[in-house]
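K.L.:
For the protein sequence lines, the chains are A and B, in the order given.
All residue numbers for the first sequence refer to the numbering used here, where the first residue is 10 and numbers rise by one.
All residue numbers for the second sequence refer to the numbering used here, where the first residue is 10 and numbers rise by one.
Misleading hints may appear alongside valid ones.
Below, in silico cross-link-like pairs of lysine-lysine (PhoX-like), each with a Cα-Cα straight-line distance of 20 Å or less [to be verified]: (1) Lys347/A x Lys354/B; (2) Lys377/A x Lys416/A; (3) Lys41/B x Lys14/B; (4) Lys354/B x Lys239/A; (5) Lys548/B x Lys537/B; (6) Lys41/B x Lys377/B; (7) Lys14/B x Lys44/B; (8) Lys354/A x Lys347/B; (9) Lys397/B x Lys202/B; (10) Lys337/B x Lys347/B; (11) Lys557/B x Lys543/B; (12) Lys416/A x Lys337/B; (13) Lys442/A x Lys14/A; (14) Lys543/B x Lys530/B; (15) Lys144/B x Lys347/A; (16) Lys354/B x Lys354/A; (17) Lys79/B x Lys144/B; (18) Lys557/A x Lys530/A; (19) Lys397/B x Lys416/A; (20) Lys113/B x Lys79/B; (21) Lys540/A x Lys557/A; (22) Lys337/A x Lys416/B.
Counterexamples of contact, computed for chain B against chain A with all Cβ distances above 10 Å [claimed, not checked]: (23) Cys238; (24) Asn307; (25) Lys337; (26) Asn361; (27) Gln399; (28) Ala457; (29) Gly493.
Keep in mind that the hints were calculated from the coordinates and are not lab data.
We put the beta carbon where it would ideally sit given N, CA and C, even for glycine.
2 protein chains.
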Amino acid sequence: MSAAKANDRLIYLALGGAGEIGMNCYVYGYGKPGKERLIVVDLGVTFPDMDGTPGVDLIFADIDWLRERKAQIDGIFITHAHEDHVGAVGLCWEELGAPIYARKFTANIARRKLQERGLPDNVVQVVDAWPAVTKCGPFTVGYVPISHSIPESAGLVIDSDGGRIVHTGDFKVDMTPVVGDPFDTALWEEIAKPGVKALVCDSTNIFSPNPGRSEMSIGPAITDLMRDCKGMVVATTFASNIARLKTLATAATEAGRTVCLLGRSMQRMTQAAMETDLLHDFPATISAEDAQNIPRENLMLLVTGSQGERRAASAQLSQGSYLGLSLKEGDTFLFSSKTIPGNEKGVIRIMNQLSELGVDIVDDDGGKYHVSGHANRPDLETMHQLIKPQFLIPMHGEHRHLREHVKVAGLHGLPGIVAVNGMMVDLSGNQPKVAEYIETGRTYLDGATHVGAMDGVVRDRIRMALNGLVVVTLILDENDESLGDPWVELSGLAEDGRSDASLAEIMEEDLSQFINRANKKTLADDVKLEKELKTIARKTAQAEIGKKPEVIVVISRLN
Amino acid sequence: MSAAKANDRLIYLALGGAGEIGMNCYVYGYGKPGKERLIVVDLGVTFPDMDGTPGVDLIFADIDWLRERKAQIDGIFITHAHEDHVGAVGLCWEELGAPIYARKFTANIARRKLQERGLPDNVVQVVDAWPAVTKCGPFTVGYVPISHSIPESAGLVIDSDGGRIVHTGDFKVDMTPVVGDPFDTALWEEIAKPGVKALVCDSTNIFSPNPGRSEMSIGPAITDLMRDCKGMVVATTFASNIARLKTLATAATEAGRTVCLLGRSMQRMTQAAMETDLLHDFPATISAEDAQNIPRENLMLLVTGSQGERRAASAQLSQGSYLGLSLKEGDTFLFSSKTIPGNEKGVIRIMNQLSELGVDIVDDDGGKYHVSGHANRPDLETMHQLIKPQFLIPMHGEHRHLREHVKVAGLHGLPGIVAVNGMMVDLSGNQPKVAEYIETGRTYLDGATHVGAMDGVVRDRIRMALNGLVVVTLILDENDESLGDPWVELSGLAEDGRSDASLAEIMEEDLSQFINRANKKTLADDVKLEKELKTIARKTAQAEIGKKPEVIVVISRLN
Numbered sequence: 010m011s012a013a014k015a016n017d018r019l020i021y022l023a024l025g026g027a028g029e030i031g032m033n034c035y036v037y038g039y040g041k042p043g044k045e046r047l048i049v050v051d052l053g054v055t056f057p058d059m060d061g062t063p064g065v066d067l068i069f070a071d072i073d074w075l076r077e078r079k080a081q082i083d084g085i086f087i088t089h090a091h092e093d094h095v096g097a098v099g100l101c102w103e104e105l106g107a108p109i110y111a112r113k114f115t116a117n118i119a120r121r122k123l124q125e126r127g128l129p130d131n132v133v134q135v136v137d138a139w140p141a142v143t144k145c146g147p148f149t150v151g152y153v154p155i156s157h158s159i160p161e162s163a164g165l166v167i168d169s170d171g172g173r174i175v176h177t178g179d180f181k182v183d184m185t186p187v188v189g190d191p192f193d194t195a196l197w198e199e200i201a202k203p204g205v206k207a208l209v210c211d212s213t214n215i216f217s218p219n220p221g222r223s224e225m226s227i228g229p230a231i232t233d234l235m236r237d238c239k240g241m242v243v244a245t246t247f248a249s250n251i252a253r254l255k256t257l258a259t260a261a262t263e264a265g266r267t268v269c270l271l272g273r274s275m276q277r278m279t280q281a282a283m284e285t286d287l288l289h290d291f292p293a294t295i296s297a298e299d300a301q302n303i304p305r306e307n308l309m310l311l312v313t314g315s316q317g318e319r320r321a322a323s324a325q326l327s328q329g330s331y332l333g334l335s336l337k338e339g340d341t342f343l344f345s346s347k348t349i350p351g352n353e354k355g356v357i358r359i360m361n362q363l364s365e366l367g368v369d370i371v372d373d374d375g376g377k378y379h380v381s382g383h384a385n386r387p388d389l390e391t392m393h394q395l396i397k398p399q400f401l402i403p404m405h406g407e408h409r410h411l412r413e414h415v416k417v418a419g420l421h422g423l424p425g426i427v428a429v430n431g432m433m434v435d436l437s438g439n440q441p442k443v444a445e446y447i448e449t450g451r452t453y454l455d456g457a458t459h460v461g462a463m464d465g466v467v468r469d470r471i472r473m474a475l476n477g478l479v480v481v482t483l484i485l486d487e488n489d490e491s492l493g494d495p496w497v498e499l500s501g502l503a504e505d506g507r508s509d510a511s512l513a514e515i516m517e518e519d520l521s522q523f524i525n526r527a528n529k530k531t532l533a534d535d536v537k538l539e540k541e542l543k544t545i546a547r548k549t550a551q552a553e554i555g556k557k558p559e560v561i562v563v564i565s566r567l568n
Numbered sequence: 010m011s012a013a014k015a016n017d018r019l020i021y022l023a024l025g026g027a028g029e030i031g032m033n034c035y036v037y038g039y040g041k042p043g044k045e046r047l048i049v050v051d052l053g054v055t056f057p058d059m060d061g062t063p064g065v066d067l068i069f070a071d072i073d074w075l076r077e078r079k080a081q082i083d084g085i086f087i088t089h090a091h092e093d094h095v096g097a098v099g100l101c102w103e104e105l106g107a108p109i110y111a112r113k114f115t116a117n118i119a120r121r122k123l124q125e126r127g128l129p130d131n132v133v134q135v136v137d138a139w140p141a142v143t144k145c146g147p148f149t150v151g152y153v154p155i156s157h158s159i160p161e162s163a164g165l166v167i168d169s170d171g172g173r174i175v176h177t178g179d180f181k182v183d184m185t186p187v188v189g190d191p192f193d194t195a196l197w198e199e200i201a202k203p204g205v206k207a208l209v210c211d212s213t214n215i216f217s218p219n220p221g222r223s224e225m226s227i228g229p230a231i232t233d234l235m236r237d238c239k240g241m242v243v244a245t246t247f248a249s250n251i252a253r254l255k256t257l258a259t260a261a262t263e264a265g266r267t268v269c270l271l272g273r274s275m276q277r278m279t280q281a282a283m284e285t286d287l288l289h290d291f292p293a294t295i296s297a298e299d300a301q302n303i304p305r306e307n308l309m310l311l312v313t314g315s316q317g318e319r320r321a322a323s324a325q326l327s328q329g330s331y332l333g334l335s336l337k338e339g340d341t342f343l344f345s346s347k348t349i350p351g352n353e354k355g356v357i358r359i360m361n362q363l364s365e366l367g368v369d370i371v372d373d374d375g376g377k378y379h380v381s382g383h384a385n386r387p388d389l390e391t392m393h394q395l396i397k398p399q400f401l402i403p404m405h406g407e408h409r410h411l412r413e414h415v416k417v418a419g420l421h422g423l424p425g426i427v428a429v430n431g432m433m434v435d436l437s438g439n440q441p442k443v444a445e446y447i448e449t450g451r452t453y454l455d456g457a458t459h460v461g462a463m464d465g466v467v468r469d470r471i472r473m474a475l476n477g478l479v480v481v482t483l484i485l486d487e488n489d490e491s492l493g494d495p496w497v498e499l500s501g502l503a504e505d506g507r508s509d510a511s512l513a514e515i516m517e518e519d520l521s522q523f524i525n526r527a528n529k530k531t532l533a534d535d536v537k538l539e540k541e542l543k544t545i546a547r548k549t550a551q552a553e554i555g556k557k558p559e560v561i562v563v564i565s566r567l568n
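Excised from the complex, chain A in its bound form (with noise of 0.2 Å):
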C-alpha cells in the first residue's frame, strides 16, 4: 500500500442499509473529489408491506446517484447471497453495467438473478477467498471468509492508496458453522495488522447482549425433539440457511425419517449448494409424491416459509395440503427460525391454522431451536478487538442501531459515526468527516416496472385503501351544458348512509343540483369544475358515511 496521493480521497456512501435494516447498497470511491473511481458493495432488496407498499413486489435503492457515475464504477462485489446483498443485481445491473464479484456460492445465486431478467450472467465473476484478491480501480479487494446464515459469506478487504478498509458484511463469530469456514480469529489479527483505517461493522444485533451460540450448538435439541415426536414433523426455516438445512436433515435422518424438500427456494439453494460442492453428507430427499407412501412417523418435511409467507409451502400446509401432502393430529411443527418484525401476524395466522388441524408447534420460543447469523454485542467487541481501526462505521442497522454501536465502541475508545443513507464520509484523514449529503430514496420493483417511492404512484394506493373511492362521470354538449346528470361509481364504500338510502343515489342528486345551478364560466372551465364536484361529493360522502373518500372525475366534452 502506497499513500494516498495529495488531493485525492476515499469516501464511503451508504445508499441503503444504514438506517434499516435491508436493501444493502454501499460505494467507496477513491481519487480526486468528485472524481472518484468507484466500486459498489451488495446490491440489496427489502421486502414491501401492505402499511407502506402495498402491491408493490421488491424494494431497492435508488441508484440514480450511481446511475450518474456509471462511468466511474469499476466493480461490483457481492459478500453473501442473501436477498438483502443480491437480490436487485438483476434489477440494477443494466443501469450501472459494471463487473459483479461474488464468491463461488453467491456467484451462483447472483447468476439466476440475471438469468431471471433475461441478462447476461457472464458478468458474474467468481474470486477465491484471501489471500487471493481482485484489482479493480484504484482498490485491491480481497474476500475473507466470515461465518453467517449462509454459505461462502465474506467480510472485504478494501485496501487502495488511501488506506485499508475492513467491511464485514453480515458475519457472526461461529466457530463451528456446520458448513464452510468457522470464524478465523487468527487471520483476522493477520489482517489487522498492517493498521485498518475504517471497519465498517454488521450493527444487527448490538442490542443482543450475550455471545452468540454457533450454529452447532443446537443439532442435539433438534435430534432429541425428531425422535420424541410421534406423527409426522414438518420444520421449516430460511432455505438458504444450508447449515441449518443439514442439521435439520440429519436430525430426521438419525431419527429415523425420510426427508422431503418443498417449496421452490427450498430446492433452489439446496441445488445451488450442490453445484458449488458445499454441501456434503446431506442425506438423500424424497419426492413429495413418494413421501405419500412413507408412515408418518418416519417422514421430515422440511418447506419454506418461516416467516408466514401466504404462499409459501408452510402456509399451503396449514391450510390443508400440499402436493398430495397433509397434517393432522398428532403431527408437529418446527419453526426452526426468527419471526422478523413485521412478519408476526402472518407466522402466528399459520401457528392457528395448524393448531386448528391439531397440530403441535415447536418455535424457536427460548432459543432451543434457532441461533441468530449475527455477531451480538460482546462478538460486536470482539471483532472490534480483533480489527483495532482508526474508526468504526456502523452499517446493517436501523438508526438506533447505529448509535448504539457506536455508543458501545466509544467505552473501549474507538470512535465511531453514525453515517446513514447518503451522507457521503470521507475517510481520508484521521477522523471520519461527512463530505456531502446524498439525495437517496427507494425504488419500487411494481410488476415489471420501476416506481420511485416519492412518485405518488404507491400513496394513491394507499389512499384508495384508506379512503375508498368515487367516479364521477359528467358528458357536456358543445355548449356546456350537461347532457343527462352527473353519474357516480364507488368502489370500497358503504353503499347506504345515515339516510338509509343509495350513496350513490344522494351523491348524484347533490351533484347534479350543483350541475343545474353552476354558471356558464363554471360549466366551461374543466379544473373548476373538477375542483367543484370533487368537494361536493366528499361532502355528500362525509354526511351520509363519515368518510372523506379518494374523488376521479371525468369530464367529457362532446364537440
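Given chain A, work out where chain B should sit, using these hints.
P.N.:
For chain B alone, coordinates are given in the frame of chain A:
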C-alpha cells in the same frame, strides 16, 4: 341454587374472543332450547390494520344472532374497562337494548362510550362487588374482584338452575397490584365450595411458563432508572393501567421529577380513576405549558402511544415536538409496555425517530420495566385448582392458546373443550357438548357506518391497493355508436410501461380498436361491453407494466 328443570339447558356461546385476542363477546343462556333467556358478557372491539382492514375505524363482533333474539336478552355484563371488553358498548347497545351492568370504574368508561354516540348513559347500572349479586332473568351474577392491569376487573360468578359458572374475565394472580384489589385466594375457594360446573377462563398467557410477576415488583427498578437519568424522562404505557401510571408517577416524584400527563386517553383514564375514587396518593401533575418552565432533569412526561400509534403523544414527540415540549440528546424514553404482535413496525419507527433526536431508549427487554396483566401457565393452573370445576372452557385466546389451555388442564385431569366463536356449547350435562354452530363474523365501524366483513367493501379497497385502478369511460349515442374514443384514467399505477409511452394512451388505443371493430350486438349490450373493456384494459396493463389492475367501466348512453 335449585336443580335444573327438565328440558331446560344452560348454554355458552362466544361471538368474539374465542379464536382471537380481542373483540370479546360471550353469551350465556338458560331455558328451553331455542327459548333461553340470555345474558351477554362483554362487548369489545379489536383494532384494524392495513393488511386486512384498511380504512376501518374499529372492529367488533357480528351480533346478528343476538339482534334476532333481542327480546330474550336480560342484561349485558362488562367485566372490565379495556377496549376489547367495553369498546363496542356504544356501537351495539341500541341493537341489544338490555341494561348494562358494571363496577364503578368500568361503568364510568361505559357511560363515556354511550355519551360519545349520543346514547342514554343511564342504562349503565353500577354493581357492587361480591357477595353482592344481580338478579337477571334466570341468572344471578356476582362481580368478584380480580387482579388485572386495569382497576376493578372482575371475574363473574354466574349462577342459574343449570349450575355455577365462573367466568374469569381477564386476570392475573397478583397479591400486590398497587391499585385495586389483590387476588383473593380464600374468596375463590369459598366461591368454589358449592361446586362449579364450568370455568370459563382467560388463556392469553398459557404459553408463558413461569409464574407471573406482581405489578409492585417493578417499582424499584423504575425508581432507579428515573434517578439515574440525566435529562428529561418520558414514559409510556397503556393509559388504562392506572397502577402503572401510579408506579411511574411515584418513581418520578421520588427521583425529584414533576409529572406531566400527555395524550387524550391519559387525561381521560386518570380522570375516570379520580371520579371513581380509585386513584389515591397520585402525585400532583402539571400542564404541558408549565412543564416548559421546569428544568428537564426535574421532569417526567407520562404519555400515550406505547403501541406506536401514529397520532399519539409519543409519536408526536418522536417527530419533533408536542405542545411546546421537545426531546433532545441526553433525554430518556421508557417503554413500560410490551409491543402487541402486529404493532412492532410502528413501535420501531418511533424508536428510530427518537434515536435520530439522540434520545436514549429503554424498553421492557427482559421484563425489568413491565409485567403482563394476564395469568401465566402456572397461575392458570392455580386457578384451575382453586375452582375445581367439572370442566374448563378456555376463552380470550387464539386457537393455539385455547388448544394449549385444554392440553395443560388435561395434564392434571381437568377435562376441557376448545369452543371457538360460533360454537354453542350445552353445559347442562356432566360433559360439555356442542349444541349448534352459529354463523359469526366481524362488523367494521367505517366512518359512520357499520359494514359487514363479508360485504366486499373492504375487499375492494384491498384490491385497489394491491392492483391499482383503471377507470374507463365510454359514451355511446342513441344508435349505439361511440362518441369519441374510450377515455382512461389511472390511479395507483405507473404512468409509463414497457413501450416507454403513456400507459393510458396505449390502453385508449387498444380500447378504441376494439370499439371500432365491435359489432352492433356487443355495442348494445352493457354487460358484454363492460366485460370486454375490462379484459382489454387488464391485458394492456399486464403487457405494459406487468400488473392486472382493478377496472371500473362507465358506459354512458345518450338517448
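K.L.:
Next step is simple, just say for each hint if it's right about the structure.
P.N.:
Here is what the structure says about each hint:
no., hint, result
1, Lys347/A x Lys354/B, "holds (16 Å)"
2, Lys377/A x Lys416/A, "violated (30 Å)"
3, Lys41/B x Lys14/B, "holds (9 Å)"
4, Lys354/B x Lys239/A, "violated (38 Å)"
5, Lys548/B x Lys537/B, "holds (17 Å)"
6, Lys41/B x Lys377/B, "violated (53 Å)"
7, Lys14/B x Lys44/B, "holds (14 Å)"
8, Lys354/A x Lys347/B, "holds (16 Å)"
9, Lys397/B x Lys202/B, "holds (9 Å)"
10, Lys337/B x Lys347/B, "violated (24 Å)"
11, Lys557/B x Lys543/B, "holds (10 Å)"
12, Lys416/A x Lys337/B, "holds (16 Å)"
13, Lys442/A x Lys14/A, "holds (18 Å)"
14, Lys543/B x Lys530/B, "holds (18 Å)"
15, Lys144/B x Lys347/A, "violated (51 Å)"
16, Lys354/B x Lys354/A, "holds (12 Å)"
17, Lys79/B x Lys144/B, "holds (18 Å)"
18, Lys557/A x Lys530/A, "violated (27 Å)"
19, Lys397/B x Lys416/A, "violated (54 Å)"
20, Lys113/B x Lys79/B, "violated (26 Å)"
21, Lys540/A x Lys557/A, "holds (14 Å)"
22, Lys337/A x Lys416/B, "holds (16 Å)"
23, Cys238, "holds (16 Å)"
24, Asn307, "holds (25 Å)"
25, Lys337, "holds (14 Å)"
26, Asn361, "violated (4 Å)"
27, Gln399, "holds (24 Å)"
28, Ala457, "violated (3 Å)"
29, Gly493, "violated (7 Å)"
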